[in-house]
Every structure is written in structure tokens, then in C-alpha cells.
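Enquirer: Letter by letter, the chains look like this.
Number of protein chains: 2
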Amino acid sequence: MVTIVKKFGGTSVGDVTRIRNAAKLVSDHIKKTNDKVTVVVSAMAGETNKLIALAKSCVSEPTLRELDVLVSTGEQVTIALMAMALNELGHSAKSFTAQQAHIATDRNFCKAQIQDIDSLNLKAAIDCGIIPVVAGFQGIDADGDITTLGRGGSDITAVAIAAALKADACYIYTDVKGVYSTDPRVSSNARLLPQVCHEEMLELASLGAKVLHPRSVYFAMAYKIPLCVLSTFEPDAGMTWIVKEEELMEKPIVTGITHRTDEAKISVHKLPAESVALSTLFQAMAEENIYIDMITQTGFDGKNTDVSFTVLDEDSTKALEIVKKMVPSLNAQGVECDRNIAKVSVVGIGMRYHSGVAAKVFQALASENITVQMISTSEIKISVIVPRKYWEVAVRTLHDAFYKDNVEISEEAA
Amino acid sequence: MVTIVKKFGGTSVGDVTRIRNAAKLVSDHIKKTNDKVTVVVSAMAGETNKLIALAKSCVSEPTLRELDVLVSTGEQVTIALMAMALNELGHSAKSFTAQQAHIATDRNFCKAQIQDIDSLNLKAAIDCGIIPVVAGFQGIDADGDITTLGRGGSDITAVAIAAALKADACYIYTDVKGVYSTDPRVSSNARLLPQVCHEEMLELASLGAKVLHPRSVYFAMAYKIPLCVLSTFEPDAGMTWIVKEEELMEKPIVTGITHRTDEAKISVHKLPAESVALSTLFQAMAEENIYIDMITQTGFDGKNTDVSFTVLDEDSTKALEIVKKMVPSLNAQGVECDRNIAKVSVVGIGMRYHSGVAAKVFQALASENITVQMISTSEIKISVIVPRKYWEVAVRTLHDAFYKDNVEISEEAA
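So the protein sequences, as listed, match chains A and B.
For what it's worth, the numbering used here labels the leading residue of the first sequence as 764, then goes sequentially.
For what it's worth, the numbering used here labels the leading residue of the second sequence as 764, then goes sequentially.
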């Protein structure tokens, strides 16, 4: 008997017609396969933002605990409607709030992390032939308080439930057909990828491909849940499976080109080249919860170096202020912030087995006269910072460069 | 230390400004008295209907269990916002869903009855100086499923919580100043009643005065909770206390005149005067869950009688059909339905000690040429069925007749 989880995101359940459409997809699957299906849903598109706006129109600083009580009603509405729609199609469906599905989280309101799912209730329902419809994005902490997982949390719920049920697969229904080699709006050559491995997906998700939340990929990898991304509106138009590296049928050197344009670069000039200076600098950022992405160090003259790092645009003013105040005590020469940057990354598990990728990246960018301001690499990705105005050109150039003659190697050849 | 419950209805929390206003009322009370206050709230006005309409736009017959999951989000939104508003005023408030407040009900979705409240959680919060803000109208059944109490349920929640907390009083904040001697929109002579006793309030509530749900009055009576009805918008403009009969300071013969215009009269002609015929007739109604209000039997000719009874307008077509089908087997002559009726009632605990009330009712109605079609009496009320078009005239006439020289008797004189 095959057990699967199907998760529908906000646009997939954006109104009652779409909810009925999603219910029909589930129903058709069950009628065809007799699989045991558990459904996870997000709030209807726009509802979460509407509820947050309501709170902010009521008080200036909403209590976080109460914000979660408020926001969690969004998914509660969808589970009820989805269960009704499945019942109307002749199934026996039952909604589960996080409390009823026993989704235990830590106590961090608005950004809680799932700690455990006791699947007893869900399994009992499934064994009775019931389709459980579970509220995504929410949990219950040890005090019995309602928590929410933060944005993208419904994907995490879906994969965590799949793990708890030892499901055979988890399908993430969204408004795109799957994971593309790059943003199709930027490059008409973008290809729908039939398969990516978890490591690639983690890099792609973290780097700005908005299809899946990185933590949900991490869960799928850790609990070995085959994950599939596909479109609710064109479920037969293709899909992307996120699988283990060893299950990949082919390993292109570069799987995808991603970008993000929501970061800024802070550059500190002539910082004394002592490790204490660097640790003081980044400790100060950590204390203010400023997330640091890339860090590069250049121009060592025997005494001082120039240090650049990227932060989220929204944190950049705060970060700049902090560093400015530290410049005298750090004995540095000055600091500046450049918001006109973009990060473009090439990702591919095949890089592990191929050299020359970096050279090809620089070559492609040089052919368009795009200067590279920062570089950061990992085993399976190369990220570069370029002037923001060139980001689309950079993405297209890199995509065409790698997809024109993307060497595909079989597992045996690797 | 005084413990009280304050309940705010849908219009009292109809938008964020009103929620802040209600929070201010609670805050001012606490700052003035240092009382321990628990707040109970309804859904924002209109929300419950909006959610039901959403369900009906999704499926033709919403599953009742899921309808409760859906509808209960209405109060969950309000508890969160109210707790935030109280926190912003410098208090420490915490929202409680029915599940968190341990409000146990039976399994009747959409019309559940409260069976028990384990006030452990609420008391623990109150002991910590926290203001609990509890979702009205909802509960949890033995399976952990969410239930709702049906319309008016938030009043019941408030009184049940007051009973569980052994509170000193329960204040029901609404959009009117209290209980009136009759509908102020019908008679300009209507008076705000400073006190009514539970028995009177039960009759008034059941007979159509929409201020309080009868079950909440029953709870208050059974658990001896002093209940107060007042306006959220003019809290200083008067109020009505619902008290024990022996606590009434004065006992007017007639306390109030009520009406309802949502019933229809079914008349069965020449029914054999055997008790089996009557029991067969009303058993058939009971099986279809048709609520019977008044029953009268007239014109006994030694063999047959005419039987009339009233049902809710919305049930009248079904009731008529059922009786029509039964006419041959019952050996009756025929059946007809009159929807142009209204019920007008005079209620007063003082009737127990005074005769002549019925005579005065008929005299007043006769003076306006209003014919009485049915009569029903209890120890403290007289109800009459009159043509619907005369209901306002009947109410005004009866109100003026009794309030012109309403004999007031002290407890000693009774």
C-alpha cells in the first residue's frame, strides 16, 4: 500500500474554485491508484498578509504569541473547506489543526521549528480510510500555545508529515511546473528539470529559487522522502523530482542558474589584518541578528586588508551604521555600502567531478563586459556579485554558456 | 478579591476600533477596581455569516464537523486581537481557544452544548495576573473535535466560564443598554428595566427578546451568577441586572411585552378526539425535528375537535405537507396553514400574585379591534396569537395598558 502526502500552496487554494480543483486532483489520484493520501494546505493566497495587516491596524506592536493565534486561522479555513470539498466528491475526509495532528514545535512564535510529529492520530484516520487534511505552517509548543513556522512553512509541514508517516513520496503542488534551470521570465531557454538532487535543490532554494523552502528540502534529505514539485493547474505538464544524488539519472555540470537582487554589499577599507578585528566585526552583526551571506577579503598589504560582505538590503542601513561606529575602534580607514549589486549563482552536482567551471563563468561574464565584484564558491556552486543592472544579462549569458554544451555524465562515468 | 467575566458580542468587537474600545473598558475597570477579569468575545460582526457563505460557495452541503472548524476561526481572530489590544494598554493578556480553555461539549456539531469547563488553565493564568481572553461560541468534544454552540453561544460560554470560575458577576456587553419593557422601536414608552428575575428573563428571551440566549439565563440561574446586560458604546447609560426572584426590589405585575413574527399556525379540522390521534400527529412532527410552540384544541363536538399549533415559519411548508399526508389516516377533515400571524406575550413574575391579567390583555386588544386566535399561558406569562399586521398595535396597546398603572408590590406585600 502506497502512502503519499500532497501539499497545496496558497495560490493552489486561492479561492473555492481552486480548492475544488485541488480536491479533484486528490480524488482522481485515489480513484486511479488507491494510494493512501494525506493532504497538507496553506492559507488561501493573500490571507496571511491580510491577517497580519489586521493585527497592525489594531495595535502598533502585535504580541507574537497572539499573532500566531491570529495567523493560524488562515490554514484552519482552508483545511475545513478542503475536507468539505473532498467529502462532496464522495471521500471521507477530516481536517486536522496542528494541535489535532500533534505537530510539536519549539516556542519561537512566528518562526517556530518542528521538533516532532506524533502521527498516531493521522495514522488512525488513514487506517479508517479517511483522508486527513492537515493545516500547514503551524504547530503547538510544549505549553499548548499555537505557533507558526514562518514563511514557506507549509512545505516543511508537508515533508515532516511525510517523514512521520514514512510516506513513499511528497508532492508539492504550486503555481509553476517544477524547478527550472533558471527563471523562465529571464531566459526563454530555461528548461524544466525532471530531476535535481537534494544538495542542488538546497543551493537553488537558498540562492533565490522560490519553489521550495530550504528547510523542507533538508527534511526530505534527512528522512529520505522523495519530493516532487508540480503545477496544480497543469499537473500533466511535467514535474521535478528532488532525489538522492545516487538516484540521479544524469549529472549535468550545471543544473541551474539563480539570482537574488535583495542584498547589499558593505565594504570595510584597510581593516587591520588581525583575526580579532574580523571576529569583533561579525560578532557585532550577529548580536543585531543581521544575516551575513558572502564574505571576501582582498588587498592584503602586509598589514591591512579590505573586507566586503553582503547583507539583506533591509538590514543594510543598520549594518552600515554599526560598522561606521566601529571604524575608529577597529582602526580601519572607512566603510561604504553598495546597494546596486546582484548575486548570480551557478549550481550543479556535476561540478564535483569537473574543473573549469569558474573559468567558464568569468569568460561568459567577460563576453558581456560584466565585472565581477565578489566571488564565493562551494563544492557544487559558484556565486558572483555583479552590478545589479546587469543581473538579467548575467543570468542569460551564464545559462546559455552552460546549457549550450552541458556535458552530461552517467553515474558510471563519474 | 472580586472575579468577574466580561463578554463582548459581535457588534462590540465589530472592527479594530471597537476592539480597542472594548479593551479600554476592561482596562479602566481593572485600574479602578483591581478586579480579576476574564474576557469572552464573539466573532467580529458579520464574520460568522461570511464564513458560512464561503462554505456554501465551496460545496452544496458543508460537512457539519468541518463547518465548525471553519466558523470557529471567527472567534479565534477576535481573541488574538483583543489580547493584543489589552497588552498594548499595559496589561498582560493571553488568548484561549476553547481547546486551551478546556470547554468540553457534546458531539453535536453546530449546536453543541457545554458539558464541563475545567478551569485549571484559566485559574492558573488569572493567578499569574494575566487577563484570559476566551473564544466564545465554541468547544471541544470528547474526540478533540472543534464544536460550536449555535447562535447566541458566546453568552452561554461567558456564563459557563463565570460559573466555572465561581465569578462574582458576568457582564454581557452588547449594542443595547439592557432589557427593555418592550422593543423601543415599537413603543416610545418602552422603559429600560434595572432588574428582571431569571424566570422573567427566560420567558422574555424565549419569546423573542434577543438580548440574551435563554440557555445563558438558565446557566446563570442554575449556578447563581449575577448577570448584567449593558451597552459597550454607552456603558454608563444604564444596565439590566438579571437576579434571583427574592432579590428583586420590586415586582411589577408585567415586566415586559414581547413579540415574534417568525411563526405560522397549522390548523387541523375535525380531528377525532382520541389521544392517539394527537400523539400520532405530534410524533410525526418530532421525527422531522419540527419545533412546536403553542398548541390549542377547540370546538369539541363530542366526537371531533379542531387542533391548532404553531411552528417556525421556515418549517411550515414541511409541517403542512406532513399533516396533509396524514389527514386520511387520522380521519380528519382537512388542514390549513396561516402564515399571517404574530405572537405577542406579556411576562411578569408579579402575575403569580395577581389575577385579572388575562382579562386586561383581552380588554386592551379588544379596544383596538384585534381578534385573538390562540391563547397560551404559564405562571408568569400570557401569549396570544393575533393577525400579523396588527402586531405593533398589539404590543403598544398592551405595553401602555400595563405600564400606565403597573401595580408594584414589595416582597413583604406579596
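By construction, these hints were calculated from the structure, which means they are not laboratory data.
Hints may contain errors.
No distinction is drawn between identical chains; accordingly, a pair holds when it is met within one copy or between any pair of copies.
Claimed, not checked - Straight-line Cα separation of at most 20 Å, DMTMM-like style, residue types lysine to aspartate or glutamate; simulated pairs:
(1) Lys886 - Asp908
(2) Lys795 - Asp1025
(3) Lys819 - Glu851
(4) Lys1167 - Asp881
(5) Lys1167 - Glu1155
Enquirer: Now look at each hint and say whether the structure bears it out.
Expert: Outcome of the hint check:
When the C-alpha separation of Lys886 and Asp908 is checked against a cutoff of 20 Å, the pair qualifies only between copies, where the shortest distance is 17 Å, while the shortest distance within a copy is 24 Å. Taking the closest pair of Cα atoms, Lys795 and Asp1025 never come within 20 Å of each other, the shortest separation being 44 Å inside a single copy and 50 Å across copies. With identical chains, the CA atoms of Lys819 and Glu851 are at most 20 Å apart between copies only, with a shortest distance of 12 Å across copies and 37 Å within one. For the identical chains of this complex, Lys1167 and Asp881 are neighbours neither inside a copy (49 Å) nor across copies (69 Å), given an alpha-carbon limit of 20 Å.
Only within a single protomer do Lys1167 and Glu1155 lie at most 20 Å apart by alpha-carbon distance; the minimum there is 18 Å, versus 86 Å between protomers.
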